[in-house]
Structures are given as structure tokens and as C-alpha cells.
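Got chain R; can you put chains Z, G and F on it based on the hints?
Protein chains: 4
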Amino acid sequence: MVDIQNEKDERAVPLQKVGVKGVQYPITVLDRANGTQVTTGTANLFVNLPHHFKGTHMSRFIEVFHEYHGDLSMKRFLAMLEEIRVNLEAERAFGRLSFPFFIEKEAPVSRQKGMMRYDCSYEGAVWGPGGKLAKDSVVDTKTTSQLENQKTSKGHSFFITVKVPVTTLCPCSKAISDYGAHNQRGIVTVKVCYSSFFWIEDLVTLIEKSASAPVYSVLKRQDEKFVTEQAYENPRFVEDLVREVYLGLKEMPLEKPFKWFSVQAENFESIHNHSAWAYTEYEG
Amino acid sequence: MVDIQNEKDERAVPLQKVGVKGVQYPITVLDRANGTQVTTGTANLFVNLPHHFKGTHMSRFIEVFHEYHGDLSMKRFLAMLEEIRVNLEAERAFGRLSFPFFIEKEAPVSRQKGMMRYDCSYEGAVWGPGGKLAKDSVVDTKTTSQLENQKTSKGHSFFITVKVPVTTLCPCSKAISDYGAHNQRGIVTVKVCYSSFFWIEDLVTLIEKSASAPVYSVLKRQDEKFVTEQAYENPRFVEDLVREVYLGLKEMPLEKPFKWFSVQAENFESIHNHSAWAYTEYEG
Amino acid sequence: MVDIQNEKDERAVPLQKVGVKGVQYPITVLDRANGTQVTTGTANLFVNLPHHFKGTHMSRFIEVFHEYHGDLSMKRFLAMLEEIRVNLEAERAFGRLSFPFFIEKEAPVSRQKGMMRYDCSYEGAVWGPGGKLAKDSVVDTKTTSQLENQKTSKGHSFFITVKVPVTTLCPCSKAISDYGAHNQRGIVTVKVCYSSFFWIEDLVTLIEKSASAPVYSVLKRQDEKFVTEQAYENPRFVEDLVREVYLGLKEMPLEKPFKWFSVQAENFESIHNHSAWAYTEYEG
Amino acid sequence: MVDIQNEKDERAVPLQKVGVKGVQYPITVLDRANGTQVTTGTANLFVNLPHHFKGTHMSRFIEVFHEYHGDLSMKRFLAMLEEIRVNLEAERAFGRLSFPFFIEKEAPVSRQKGMMRYDCSYEGAVWGPGGKLAKDSVVDTKTTSQLENQKTSKGHSFFITVKVPVTTLCPCSKAISDYGAHNQRGIVTVKVCYSSFFWIEDLVTLIEKSASAPVYSVLKRQDEKFVTEQAYENPRFVEDLVREVYLGLKEMPLEKPFKWFSVQAENFESIHNHSAWAYTEYEG
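Residue numbers (my numbering), protein chains in the order written: chain R, 25 to 308; chain Z, 25 to 308; chain G, 25 to 308; chain F, 25 to 308.
Bound-form chain R, shown alone:
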């Protein structure tokens, strides 16, 4: 049977990335409370394609992912990318894996339990000895200032993103109004460059503490009173929220501190039909 993909291509156009997108699988990740957690993931998996090859072999991405989906802790994710790189005979491999992560959380007064969902993703790249790193080497053309410094002969980059819904109460609205203050659900997105092991649960806690108040699945009346007053006492612009999380990430107790991270916050404004948004980036 002919192998069209293996044919020689004469157009001299190298492809930075080629692969599969939107592959949906059950996956297992680490969970501090329960050891592991089964959740549902969506994966994009790519390699570079040298200019003289006509096409890549798409089925091999799925074959490797199938092997790994039962254990996709942070370390295993990079091992999977390296196996993809080798199996596809490529210089570089890239991957993004998005998944909801669930944590059981107690209401602040009644201690009623409910599950909270936090959308997370892994995003990584691995390269071999001859794999000179292109500027675009993180999946989906996202920037990474970190990578510029890593043009070593063999290496990898690895980013983890966590999205946390919170309550924000507007400092301006509180200050200028005789009573009340507009508040709303917001979402904080933190992306860190992996330096040493950490728990997703700790990132979530840090972010929730930086907001006007956390959000919960279950709140009884005594809890609702508590979070209403907590938010009123802790007004936060998106700008404040991003700065508080930034300071918290810099001081987070880790084996090795984060060398790069970004923080963004989006408020689904209760007085507008659009969002307020703020973004900052740290590079150590």
C-alpha cells in the first residue's frame, strides 16, 4: 500500500506544527484528597514537519495518547510528548490537554459540602538534540517569553493553567454609592511555567483568597450572609485581583519558585453586558 505521507515534498515549506486537535478522552490526573481523579480531557497534539516530508502520520498521536490516558500526572504528560516526538521522528512535539478538575469544598459557616469545577490545562513542548527551538514553539501559537532562554540542545517547556471563578465587588461603586455596591462573578486565569511539583489545589486556594469572596456550590442562609458581608468588606477591581494573585504567586512556598507566570481576571460585570479585564505577566 502506498505511503503518500512519506513522499518527498518539493515546495520547501517547513511546517512548525502538524497533528490532531480536539481529541476527547477520559483521563486520570493527581488529586490531593483522593490520590487520583478521573475526568474528561480534550487534547491537541502536534509535531514539527520538515519541509521535505509531504505529511505526518496522524494515527500515531492517538496510539501514544491511548497508552497514557490512564495516568496523566504532570510528569507523565511530558513523557508522552517525548514518546510522540520519537514515534513521529520529529525534532519537536507539542501538546495541550484541557480538563475540568473537581474539588470538594465546604460552605464557610454551615460546612455543607459541594463540588467545585476548575478548568485546567497542561501545555508543553519537548525538543531533541537537533531541535532548534522556533519562537512559536508552544501549542496554538501562544507566546512564551520563557522559551526564548531555553534553546538548549535537548529540552522541554511546560505550563499549567488554572481558571478559578470568584466574586468581585467594585471599590468605586461602594465608595460613591450611599448603599450597596455592584458585584459579580469573575474568573481568574493563572498560567505558570512549571519549575517544581505543586498541587493545583494550592493555586486555587491562593486565587480564592485574593478575591472579594470565593464562590461555592452550596450556601445556606447563614453562609450567604457571610459571603455577602465578606465581599462588601473586600472590594476588588480586576486590577486589584490580578495584583494580589501576582504577589501571592511570587511568594508561594515551592521547592523552586516560578520563573514565569501570567495572571488575568475577567469580570462579568453586573452593570454592563461586557467584561472588565486585566492582565499581568512576571518573569524572574
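Note that these hints are calculated values from the structure, not bench results. Since no wrong hints were added, every one of them can be taken at face value.
Since copy identity is lost for identical chains, a pair holds within one copy or between any two.
Within a straight-line C-alpha distance of at most 20 angstroms, the following computed EDC-like cross-link-like pairs (lysine to aspartate or glutamate) qualify:
| no. | residue 1 | residue 2 |
| --- | --- | --- |
| 1 | K244 | D202 |
| 2 | K274 | E307 |
| 3 | K78 | E31 |
| 4 | K129 | E91 |
| 5 | K137 | D95 |
Chains Z, G and F only, in chain R's frame:
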């Protein structure tokens, strides 16, 4: 050239609806302030297919829609469905057309102007003399109690839906807290069975008046103080919001009152990561 | 602490449904190959609210769901709705639970294994002795002709929906072209009224057999040749696909046959930027 | 009235971007056939915020956008960003504006006319004399290798993105199968760094010529035969498609050639439930 669609089908399975979905077009609708408004529409267009035909002729839906897209006032929408029914030689034709509708709106104190977007849709059915009306005869399997009473020999049904973002402030949170009250963006969806001409703009106004406060595109500080206090003075559960809109729709000054409508409200709760929701229906 | 929700409402507007929407939780469902399967669900949970009550108690929905999420087989879903109805002191309770369901599937020639995702949902209603059934009694205003016949003094309705991606190849394009035929991914949505136990896996198999060819996660070259030729030998309009599935469902070996079902198919046409769509409904 | 946003911030955390997201407006852009085209836009507008300011003034973004929405040709978009930068007293301003763009297109044989929708966006940044350009200076943290070379004392960057749906037919499937070949809808996304004026319509034509066949809104039977055979005669992997568009963009007749562009193609595979994807980037 053979016409496979016209071939006889022996399986004896009639199809209630067959057609095209997700057709995207620029369209023109009526606008009280400016006469007409150009916006972007998405159309689903169907007919019934008797059991002895193998397939329908999909291109004819687009041909008729192409003729009408430059003027899709409410009346023209039904005329378009009737032309589709006749061209496709069907007993019944169905259509849904969704589009954003824009209204320029002034801030309450500063009078600064901004555009607001309201998602709207038309949803209709037409049937010919022999077209006994099936229970499912509104597009996309949505219910309509109205239709049950309209099994006339020739006829039509027509529904208009308008979605309006608003601010809601929680009465419980206000009552039990020493200060503050959680509030959030909500969205009210009203669907009415067309009885006589009305302006979408009037439905929007009625809905905004029923909320804790309207939302705006531009608010200067004096406006923000105004809406913050307005919301605090007018706490509303989703249940209250739906009831206020219900009462307003019943009393709306129209040539002929609405014989059927539904009202739903969804609050993107600022203290939860899920929504509170309420629904009611009126049949005159 | 005051209980605003319990206050008397004088507006005389009953609410058919009130509750929570978009609640996201890990859930466990039945799986023929492995006993159970952990996946991620999104729930909408409602009750009716008599006109004399001001509001419902939203936290109770989550409390009951939290108890049940570790085992949400079909039967347990109805038991959960009944518990919600009783806890909320309502005449009727409604629920929809959407979740991806995964099945390991082998490529047709190479027998390579990959996971396939099928989006499913449960949709149900329960009512108590005094709970006269409204026309709109399925969640989210979806129609159900079935319910009309079930105005018994106490009862329930239960629907299961399964969405299956498939390949369809156009019979017209094949017949009129000298070579080739346009084909595309399509999605078939089957909704059945529960009559007796069945496996989701069996619905999936029936639907895949009705298409031009199934879709797979992993296909090696010998598999790709197989499915390409299989699709070319089995051209199917959306109309054909819907009729084949309809006939299959009528004859499905079950303890009790389905009394009601609907079948729809949507083709993401490769020659258009819109979909072709067909719908049929059966009532026994 | 106090101005909280103007207060001094002591946390020493500069914010690269702060502003509004998801602002929805009717907008007017250039159209080769008709002079101008009214469509519906979604805007994200940001500025940088020096570390000593507490917050930005969100209403000013909307005020400026409101002035410009009636004429948002490419040049006016940059003028709008500069006006935002000056009004917000910032060193840098950023904007993204996404909108559907419609072109009337004739079927290849019957010459039937239909409208096609192409999703487009403008993405730009402007900076003042003292505005040292950060690495992240394109909105939403997207990469741009181009910008690295533009750290001039005052300047701007400007990118235009166009998404074009096409048909692709698999070369491998055609080569290994006795008859038929799988094909599907794909979408090509081209992003160019603006160098001199061009028509969006010309980018669309170039992309459609690079595919196995274009897609259309209306196709009569003679047209369907034509595009089926055209696609079978022109098999294209996503890799081929990206390379053909890359070569076309390099040779596009322009006053000044593009100095940077990227091309990506995503195939909604008819034999899988995931996509095949390829990406390349050019820097002159």
C-alpha cells in the same frame, strides 16, 4: 442527470422536518429609530417530507432565503416560509431566524450614548390546506401549546423571542446581611406568539423596567452611583423578575393582546458558579 | 434570620419551573464493559413553584444532587428527582443531566483501540398525587407528546438522548459525478422515552450501522481504505440515515419496546458552510 | 465624588493590559463590491496601566469605540486605538475587533448567487514615544515575532485575520482506495501583518483556490457534480493546503509584500470525531 431526491422511497417513514441549518446571512429588519437595521442572521429552514419521497431539494431553501434577506420584517418572514413551502411542494414549512438587534441607549444621568445588543429570533410555521398539523410543528422540536388550537385547513404560527441582559440584586442577601447584597448580570428571555404588530424596542423596555436595574454600555461615575442605588432599592429574585415581566406582558397595550407567551430568567449568580433560573408560561 | 423565600406572594403568578442551571459535577454512570464509568456532568434541576410562594430554596437542589452524584444510573436519576420534589415540598420536579459517555472501540481491520466520546443526557420529570401535569412538563420547554397521556395521579417521565458522530456519503453526488462523492461528518441524535432497561452502547451500535460508515479515533492505512470504500458503497442522505435509525429503533430487542422516540441527523456538509438536517418522531 | 481609580497604588505591579472585553456593536467596514458593509462586531480594547495607578477608566474605551463604529476601515481602527491611548493617558493601547464579513458568490456552473460568511478580525497595538514595547504587546497574549523588530520610539502593529471554509479531499484515502476518497469541510485561518492596503476579498480567493474545492451557499445539481469532481481531482492534506496558501501569500501582488504571516488549516475529518491540523509561519 438523475434526480435521486425525487425517487420513490419504500420505507414508509414520513419525516416531520428536513432542510438546512446554520445558514449565515446579512439580513435587514425593522428598527423604530432608523426605519431599518442591517444585522447578521442565522437561519434554520425546514419542510415536511412525505414518506414516499427519498429526499428534499436543499438548494431551494437558500434560493428563497437569498431573495428575502434584504427585507425580513416580521410579515416578510412568514411570506418567505410560504414561498419555501410552495417551491418545495410541501404541506408545511418551518423556519427559525436568530439575529442580534441593536438599540442606542443613554446612560441614566450623564446621557452618554452606547449601543446595546439584544439577541432575538423569529420562529414560524406555515401549512397548506391539506397540511394537518403535527404536534411537533414548531422548528427544532420546541413546544407550543398555541399550535394545538390551530389545526385549521390553512394557517400559520409565529413566535418572536427577545433576550435582555439586566441587573438583579438578591432580596434574601439584602435582608439577612448587615451591609451589601449580592447582585449579578441576568438574562431574561421572552417568547411571544405574534398577534398584532409590536416593536422589539417595547419588549426590551418592559423587561428592563422589571429588573433590579437595566444594564448599559457606557456608565460614567454619576451613572454608576445611580444604578448601584437603584438595584439596591429594587431587589429581585429570578422568580420576581419572571412574575413582573409576566404581568407587564399581559397588560401591554397592543392592537390584540398576546394569546400565549413564556418568560424565563437566568441569573449568573455572583456567589455560585451556576445559574438560578425561573420559567412561566401564559395562555389566554 | 428572615426567610424571604417563604414569604407570601400576592401576584398570583404560578411558576412552572424554578431551580438551578449549569451545575457541574463529576458523576458515575453504568458502563457495560467496566461496570461503572466516571465522567463529568452538567445538571439543570427544577421544581414548580405555587403562586403563593415568593421563592424556592436553591441550596436544596445541590444538597440532593451531591448525595447522588456518585451513582447516577438511570433508575437513581428518577429517585433523585423524587427526593428533590419531596425536599422542596413541590408537586413536580424536573431534571436534565448531560454528560459525555466513552466507549473503547476497535479499528475495523487493524483492531487498534481508541476511545470514542458520545454526548448523552437524561431528562426526566416526577409528579406527586396532587401534581396535575402541565403541558410543558419536560425541562427547558422541550415537547413531549408522551407526557400528554400520563396525567396519572402520581408518576414520572424519563427520556434518554444519545448523540453519535458518523460518516455520511451523498447518494446524489455519487450518482451524478464521474468519480468521487462528497462525504462528511454527521451527528445523529436519538431521544427515547424510557420503557425498560437498555445499554447506551446498544443505541450507539444501531446508529453507527445505519450510517455510510462509523467514525473512529484511530485508523491505520488499511482501516482508512476500508472505511473509505465502505462509505462509498453505502451512500446516505440525512433523510436515509434518519429513516434507517427509525426502523432500527422500532425493532430493537427490548423487554418493552419504546413507545416514543425521535431521531435527527445533522450533516456538516463538506460542500457548504451550513448543515443538512432531518427529523422524525415515532409514537407507538 | 471620589475617583478611586486615580488613587495611588503601592503594590508596584504594573499591568500590561487592562480594559474591556466582549463589547458588541454594529460596525461598518470596507467592501469591494458595495463600498461599505454593515456587520456585527465584538471588541476587546485594552491599555497598559503603570504600577502606581490603582485602576483604569473603563467607560472611556466605549466612548471612543462609539465614535468610530460607523466607519472601521483598517486605517480607522488604528486611529481609534491611538485615540484610546491618548484619552486613557497610557503608553500603549491594544485592540481586537472580530466580525463576520459577507461576500456574494456564484455557483460554478449554474451561476446561482448566495452569500458566504467569512469570520475576520483586526488586531492591533499602538505605542507612544515613551512606550517601550513589551513582548506581550499583542492583545490576548498571542505571539508576534514581527513586533520584536519594532521597538521604535512611536509606532504600531496591525494584523488582519481571515477564516475561510473549504473542501478538502484526502490524498492518502484516494490513493489506497479502489473507489471514493474521504473528504470534509475544513477551515483555513490566515493572519497577516499589515504592510499596505489589500482587500479581504483577495485573501479569500487565494485561499479558496488552494483547497480541493471551495464551498458555496447554493449548489444546483450541475454544480454539485462540478465540485465533487473538482475535489476528487485536487486531493489536499491539511499540510498541502497550508503550503499552497503560504506560497500564494508570498507571491501576492501588493504595494508592499507581507513581512509576516501565519497559515493554519483545520479539517473536520469525516472519518474521525477530531480534527487534523497544520500550521506554518513566514517571516520576511
